[in-house]
Structures are given as structure tokens and as C-alpha cells.
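Following the working numbering, the numbering of the sequence shown begins with 5 at its first residue and continues without gaps.
Since the hints were made in silico from the structure, they are not lab data.
Misleading hints may appear alongside valid ones.
[Said to hold, decoys possible] Restraint ranges, calculated between C-beta atoms of paired labels, are given here:
hint, residue 1, residue 2, range
1, L79, L174, 23 to 31 Å
2, W63, F91, 48 to 56 Å
3, A170, P203, 19 to 27 Å
4, T209, L174, 13 to 21 Å
5, R271, L112, 26 to 34 Å
6, L112, T261, 35 to 43 Å
7, I285, T209, 37 to 45 Å
8, A170, L75, 47 to 55 Å
9, L166, Q259, 33 to 41 Å
The C-beta atom is built at its ideal place from N, Cα and C for all residues, glycine as well.
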Amino acid sequence: MILFTARPRFDLPVTPTELLAAHPAAARLGAFAGVFALMAVWELLAPRRVLHRPKGRRWLNNLGIIAADTLLVRLVLPGAALATALFAARHGWGVLPLLALPAPVRLLLTLAALDLTVYLQHVMLHAVPALWRLHRVHHADLDFDVTTGVRFHPLEILLSLLIKCAAIALLGASPIAVLLFEIVLNASAMFTHGNVRLPAHLDATLRWLLVTPEMHRVHHSIDTDETNRNFGFNLSWWDRLLGTYRAASRTAQDQMTLGLPGWRDPRQCDHVQGMLIMPFIAESSGSAIARRTVKEDT
């Protein structure tokens, strides 16, 4: 009779990196849920501003937009970023594999380069009138909290994904670097849009490296010369290096008016249907940067 049997072997991931690579969808969803819950509790305990619109309605509609985003991406380009990284690795595409650098250095360079890509894309969304039509859905939120960080028109999400895939192929970014970047970008978007209060000294220290909510909230000011500052989502370096940094808003942040001039109707700004059709409604001033130019010239 056999009293003892050998322990069965399971080919389980043994490192965090392998675990992430084995379960990318679960990693993204888990990070999103965790950061969202953390920011929601933080906003409840230490809010920076008093919200002017009913929170439940805004949350329902802002989260409704991300549901539409997710559905469109799953239907059109499911797993496109990771698939691009895998395809590029298989065919030897990209600049980074040509450099004889340690893997951790390549990872950090990838994260920085993709963050710069997002910064440049953000500037482009403000500068090109057709793209501003999409991006103004994000800026038309009449309040500012964690759900603003996920409030983007589905077509903008699709465009962003295509740009990101092109950058991944050009860099030859590894799949794990791409997955980490997606998680970091998603988490930083929720953090930078949080209606949370940070001690002034901590905010001042953090923003030498990272975009803080206090820094990014300036970008959501109704004043167009402030809307066109602080484009970064994660690293604050690009705004400082490329001349788009603004330390503070003209008025105190708890008194600053948020949103866009001409887009003040809650029936349009706070409802999924209104947000979905917003890019197709004409605006005479063109883009956000064009509006700033007109303002400065008058």
C-alpha cells in the first residue's frame, strides 16, 4: 500500500513579473479596482474641493463612459498593446533591443519614453481642432475627482491606443514593460485627478518627479491659458523641460472654476449621451490652444 505520494508539481509563476505576465487582464483590473477604491476613500476623508454636481449621477455617467471605452477596445483592438510588444519582440523590431543595456535600464527607458509619448499626444489633442473635439469630453466635466481620470470619449481611447502601439513597435518595448506602463498610466490618471488634499510640503516635493492632483487640477481650469499647461499624466519632467509647467492657478484651487466656457449645461456635460455626441457639435474657436491664442491677441 502506498502511504506517501510525491507532491504534485504546478507550473506556477514564481516572481511578481511572471505573475503579471501570466495574468495581464487580472493585473490591470486588480490595479484599477484597488487604486480607484483607495482614491474614493481618500476623497471621502480629505476632499480638496466641494463638489458642485450630484456625485452619484456624475459617477454613474463617467463610469458609463469607461464601460463604452472598454467595449469598443475589446471589439476593435483587444489586447493590442501587448500583442504589438509580442509581435515586435518576435520580429526584432525597435530601438531598445539594439542597445546593450541591462534589462532594468531598458525597462526604465521604456516607461519614460512611453510617458513622453503620452505627454506629446496630450499636447496634440489640445492643438489639433479635430482631436480637441474628442478631448474636450474630458475637460467638460464640471467637477474634478477620480472619475474624471477615466472620462474619455471612446474614439479618443482608440486613437490613444493606436499611438501607443506605434510607440511600442518603434521602441521594441518588452511585453512586461508595456503591461507595467498600462498599470502605471491608469493608476496615475486616477491619482492626478483625485479630489484629495496633500500637505503643501509633500505636494512640492512629489511634483519634482510626479504630477500631483494640485498640479494637474490647474490644467482643468476654465481659463484657457491654464488649460494649456501641465499636460503630464505621470512624470512632471516633460512640462518643466518643454516649457508647459505652471506652478499654481490664478485663483485659489478651492475657488477655481473648472470645465470649459460654453459647455456648462449639466444635461450635456454630466450624461453619457451628451458626452458621446459632444465631439460632433461644432465649436467656432477651434482648439484649446487656438482659443488661448485668440485670448492673448485680444
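Evaluation of the provided hints:
| no. | hint | result |
| --- | --- | --- |
| 1 | L79 to L174: 23 to 31 Å | 26 Å, holds |
| 2 | W63 to F91: 48 to 56 Å | 37 Å, violated |
| 3 | A170 to P203: 19 to 27 Å | 40 Å, violated |
| 4 | T209 to L174: 13 to 21 Å | 34 Å, violated |
| 5 | R271 to L112: 26 to 34 Å | 46 Å, violated |
| 6 | L112 to T261: 35 to 43 Å | 39 Å, holds |
| 7 | I285 to T209: 37 to 45 Å | 42 Å, holds |
| 8 | A170 to L75: 47 to 55 Å | 23 Å, violated |
| 9 | L166 to Q259: 33 to 41 Å | 39 Å, holds |
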